[in-house]
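Student: As a plain string of letters, each chain reads:
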Amino acid sequence: MSTIYALGLVLLFLMVLVGGKQGWRSFLSILLNFGFLFFAIVLIEFHVPPMFVTAVTGITILAVTIFMGEDDLRITVTAFYASLIVLLILIILIFFVSHWAMVQGFGNEDSDDLEGMSILIGISYLKVSVTAIVISTLGAIAEASIAISAGLTEILEVHPKINNSRLIDGGMAIGRQIIGTTLNTLFFGFFGGFLSLFIWFAGLHYSIGTIFNNKIFVAELIEILISFLGVLLTVPITSLVMVKRRDQVIDKSAETK
Amino acid sequence: MIIKWSRRKIYLIIGMIVCGLLAMLFVTHNQRLYRQPIAQVVRVSNEKKQRTEDEFKNVDHQTTQKITAVLMNGKNRGDQVKVQNTFSDSQPLDQEYKVGNQLFLSQLRRDHGKLTANPAGPKRDSVVVFLGWLVVTVLLLTMGKAGTFALVSVVINTILFLLAVSLDLHNQGSHVLLIFSGLALIFTVVSLFLVLGPTKKMLATLGATIAGTTIAILVGVLVLHLTHNRGVYYESMQYVTQVPRPLFIAEILLGSLGAVMDESSDIVATLFELKQIDPNVSRTQLFMSGRSVGKSIMGPLVNVLFLIFMADTFTNSLLYLKNGNSWGYTFSMNMSLGMVQSLISGIGIVLAVPVVSVLGAILLGRRR
Numbered sequence: 290m291s292t293i294y295a296l297g298l299v300l301l302f303l304m305v306l307v308g309g310k311q312g313w314r315s316f317l318s319i320l321l322n323f324g325f326l327f328f329a330i331v332l333i334e335f336h337v338p339p340m341f342v343t344a345v346t347g348i349t350i351l352a353v354t355i356f357m358g359e360d361d362l363r364i365t366v367t368a369f370y371a372s373l374i375v376l377l378i379l380i381i382l383i384f385f386v387s388h389w390a391m392v393q394g395f396g397n398e399d400s401d402d403l404e405g406m407s408i409l410i411g412i413s414y415l416k417v418s419v420t421a422i423v424i425s426t427l428g429a430i431a432e433a434s435i436a437i438s439a440g441l442t443e444i445l446e447v448h449p450k451i452n453n454s455r456l457i458d459g460g461m462a463i464g465r466q467i468i469g470t471t472l473n474t475l476f477f478g479f480f481g482g483f484l485s486l487f488i489w490f491a492g493l494h495y496s497i498g499t500i501f502n503n504k505i506f507v508a509e510l511i512e513i514l515i516s517f518l519g520v521l522l523t524v525p526i527t528s529l530v531m532v533k534r535r536d537q538v539i540d541k542s543a544e545t546k
Numbered sequence: 012m013i014i015k016w017s018r019r020k021i022y023l024i025i026g027m028i029v030c031g032l033l034a035m036l037f038v039t040h041n042q043r044l045y046r047q048p049i050a051q052v053v054r055v056s057n058e059k060k061q062r063t064e065d066e067f068k069n070v071d072h073q074t075t076q077k078i079t080a081v082l083m084n085g086k087n088r089g090d091q092v093k094v095q096n097t098f099s100d101s102q103p104l105d106q107e108y109k110v111g112n113q114l115f116l117s118q119l120r121r122d123h124g125k126l127t128a129n130p131a132g133p134k135r136d137s138v139v140v141f142l143g144w145l146v147v148t149v150l151l152l153t154m155g156k157a158g159t160f161a162l163v164s165v166v167i168n169t170i171l172f173l174l175a176v177s178l179d180l181h182n183q184g185s186h187v188l189l190i191f192s193g194l195a196l197i198f199t200v201v202s203l204f205l206v207l208g209p210t211k212k213m214l215a216t217l218g219a220t221i222a223g224t225t226i227a228i229l230v231g232v233l234v235l236h237l238t239h240n241r242g243v244y245y246e247s248m249q250y251v252t253q254v255p256r257p258l259f260i261a262e263i264l265l266g267s268l269g270a271v272m273d274e275s276s277d278i279v280a281t282l283f284e285l286k287q288i289d290p291n292v293s294r295t296q297l298f299m300s301g302r303s304v305g306k307s308i309m310g311p312l313v314n315v316l317f318l319i320f321m322a323d324t325f326t327n328s329l330l331y332l333k334n335g336n337s338w339g340y341t342f343s344m345n346m347s348l349g350m351v352q353s354l355i356s357g358i359g360i361v362l363a364v365p366v367v368s369v370l371g372a373i374l375l376g377r378r379r
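Protein chains in written order, with our numbering: chain Y, 290 to 546; chain R, 12 to 379.
Mixed in with the good hints, there may be bad ones.
To give a feel for the contact side, a few chain Y residues facing chain R, derived at Cβ under 8 angstroms [said to hold, decoys possible]:
1. 297
2. 325
3. 328
4. 332
5. 393
6. 398
7. 408
8. 409
9. 417
10. 451
11. 482
12. 510
13. 514
14. 517
15. 521
16. 524
Think about it this way: if two alpha-carbon atoms lie no more than 30 angstroms apart in a straight line, the pair counts; the simulated BS3-like pairs of lysine-lysine are [claimed, not checked]:
17. R:20 x Y:450
18. Y:416 x R:109
19. R:306 x Y:310
20. Y:533 x R:109
Derived by calculation from the structure, the hints in this document are not laboratory data. Beta carbons: idealized from backbone N, C-alpha and C, even for Gly.
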């Protein structure tokens with residue numbers, strides 16, 4: 290049996306053991322996200338415009354992660370709308386930043402991997418890099434928006450008459466509670482992948498100036514900073530969306546009681 | 012909605028704008044600090060596009076451009092230099108330059124009295140500074156004190172990370188796992204201390220994080236061993252200068268650490284809250300609520316890491332497919348390592364749920 294199957298089975302077993310039905314759904318959401326990610330690559334291979342693929346894959350992955358991660362529609366619908374707004378802002382920002390930084394394609398450090406490859410594939414690597422950066426931030430946006438939205442739903446359940454600015458304050462307070470650990474998740478997630486690159490840089494004594502202009506390093510750093518920004522934007526935006534949707538949320542709470 | 016602008020916030024905004032302007036001023040005028048020649052493009056003339064086609068029917072176009080640029084540092088500062096550059100439509104390793112771009116030069120030489128050079132990549136540091144400034148500003152404005160602590164934690168961890176890398180190089184990569192496990196331990200203590208302070212909560216979270224991550228790595232290594240690493244292509248690991256396998260395990264360890272910490276601290280926080288509401292809460296109740304919090308966070312968290320790890324393989328996978336490789340081979344050579352990393356991290360995230368719930372229940376619950 291190949292290692293990936295074995296590890297997948299162990300993960301599935303543990304998820305169902307710990308989470309029951311919800312664990313099974315979580316596993317399924319990872320599988321689906323993998324499917325959509327691979328599908329996105331295949332679509333770009335067939336020359337579908339990368340920006341279109343980015344938008345469609347982004348929305349789909351957000352929907353899968355949010356709606357399969359949580360049952361409560363009061364939480365998920367708000368989280369989904371909020372994350373769509375954040376996604377839109379990020380796509381615009383990433384588009385602007387990556388045209389400025391020009392970190393598409395490969396760096397000189399990749400030349401070993403590229404040996405024997407034909408790299409002129411007629412698809413703009415710049416657009417592909419926008420797609421990749423957007424995809425890397427989606428999970429973080431979805432997770433943060435669910436956390437904020439869940440907290441706000443609970444506040445509305447206990448205090449249905451709370452005024453809007455207090456509700457937003459509540460959202461920001463939840464944000465302050467999760468921000469430290471969420472940034473840690475992203476920081477370590479990215480630095481895990483950084484390790485070998487850093488050893489390379491340090492081993493060959495790259496200067497600070499070289500590193501901060503290096504294509505691969507700058508590309509990775511942009512990914513980290515954009516996901517930080519995504520999470521930071523998610524907090525106020527989810528709170529604002531909750532203010533707009535509070536009547537529906539309270540109605541639903543009354544129905545379920 | 013009324014936004015209350017406290018005086019402190021206004022000072023902060025003014026301070027950040029001043030800092031931002033100064034930083035941008037510095038980074039757009041720091042060319043003299045670089046030893047490598049930098050020039051700004053003042054004139055570009057593009058020649059006719061040349062069509063290229065490879066054996067896989069990928070069509071692209073290459074354009075040669077003659078660039079006139081003005082040197083911004085070195086002893087020929089202010090002189091014009093001629094640069095010849097070729098770029099393609101897809102721009103994988105090459106780069107189109109436009110008027111106003113700043114670029115690094117290599118092989119600067121004098122030919123019949125005229126300076127010529129080769130292009131060696133655009134100057135990118137201003138983007139990094141701008142984006143970094145934007146993140147710090149938004150972080151401090153929206154998150155206040157919590158944001159400051161998060162920032163301090165990221166800075167300290169980066170420094171520790173760099174120290175560990177140089178320690179690893181000093182040992183020529185012979186104790187990779189030992190060094191980076193130690194680093195992971197210090198990371199956890201520092202991050203949790205900064206987020207939670209020196210509390211009982213922090214100790215419980217710390218214990219759970221260490222236990223969860225350790226078990227996950229052990230399970231992962233065991234499965235890798237039992238299946239003889241079948242389908243795991245260490246040779247496809249990027250930028251490797253040391254023995255790939257221990258390096259890969261160290262990457263998994265570091266990568267999953269943040270997520271396990273995140274989840275453990277969420278669960279522990281809930282358990283402490285329950286204890287506060289009802290001091291007589293039983294161990295079983297605590298365990299059950301820990302589990303119910305955990306099972307709703309674990310799915311999104313695994314997805315966070317999964318998307319980070321897999322997005323990195325995006326460009327390379329596309330290249331493989333465009334070079335006539337099958338889906339299976341493309342997956343094996345580009346995505347298999349990311350997949351293994353995601354799966355082992357996922358196992359850690361899931362295992363941390365019962366571990367932290369049991370730990371919390373023992374620490375806080377009453378025996379019945």
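Student: Take the hints in turn and mark each one as holding or not.
Tutor: To see whether the hints hold, each was checked on the structure:
1. 297: OK, holds: residue 297 of chain Y within 8 angstroms of chain R, min 6 angstroms.
2. 325: 10 angstroms, violated
3. 328: 11 angstroms, violated
4. 332: 10 angstroms, violated
5. 393: 6 angstroms, holds
6. 398: This interface hint holds because 6 angstroms falls under the 8 angstroms limit.
7. 408: 4 angstroms, holds
8. 409: 4 angstroms, holds
9. 417: With a minimum Cβ separation of about 6 angstroms from chain R (threshold 8 angstroms), the hint on residue 417 of chain Y holds.
10. 451: Status violated, d = 13 angstroms.
11. 482: This interface hint holds because 6 angstroms falls under the 8 angstroms limit.
12. 510: Constraint on residue 510 of chain Y satisfied, holds at 6 angstroms.
13. 514: At 5 angstroms from the nearest chain R Cβ, residue 514 of chain Y passes the 8 angstroms test, so the hint holds.
14. 517: Interface hint status for residue 517 of chain Y: holds (5 angstroms vs cutoff 8 angstroms).
15. 521: Since chain R brings a Cβ to about 5 angstroms from residue 521 of chain Y, closer than 8 angstroms, the hint holds.
16. 524: 6 angstroms, holds
17. R:20 x Y:450: Since the Cα atoms of residue 20 of chain R and residue 450 of chain Y sit roughly 29 angstroms apart, the hinted pair holds (cutoff 30 angstroms).
18. Y:416 x R:109: Holds. Residue 416 of chain Y to residue 109 of chain R sits at ~18 angstroms (cutoff 30 angstroms).
19. R:306 x Y:310: 10 angstroms, holds
20. Y:533 x R:109: Given that 30 angstroms is the threshold and the Cα spacing comes to 45 angstroms, the pair is violated.
The structure does not agree with the numbered hints 2, 3, 4, 10, 20 stated previously, though it agrees with the rest.
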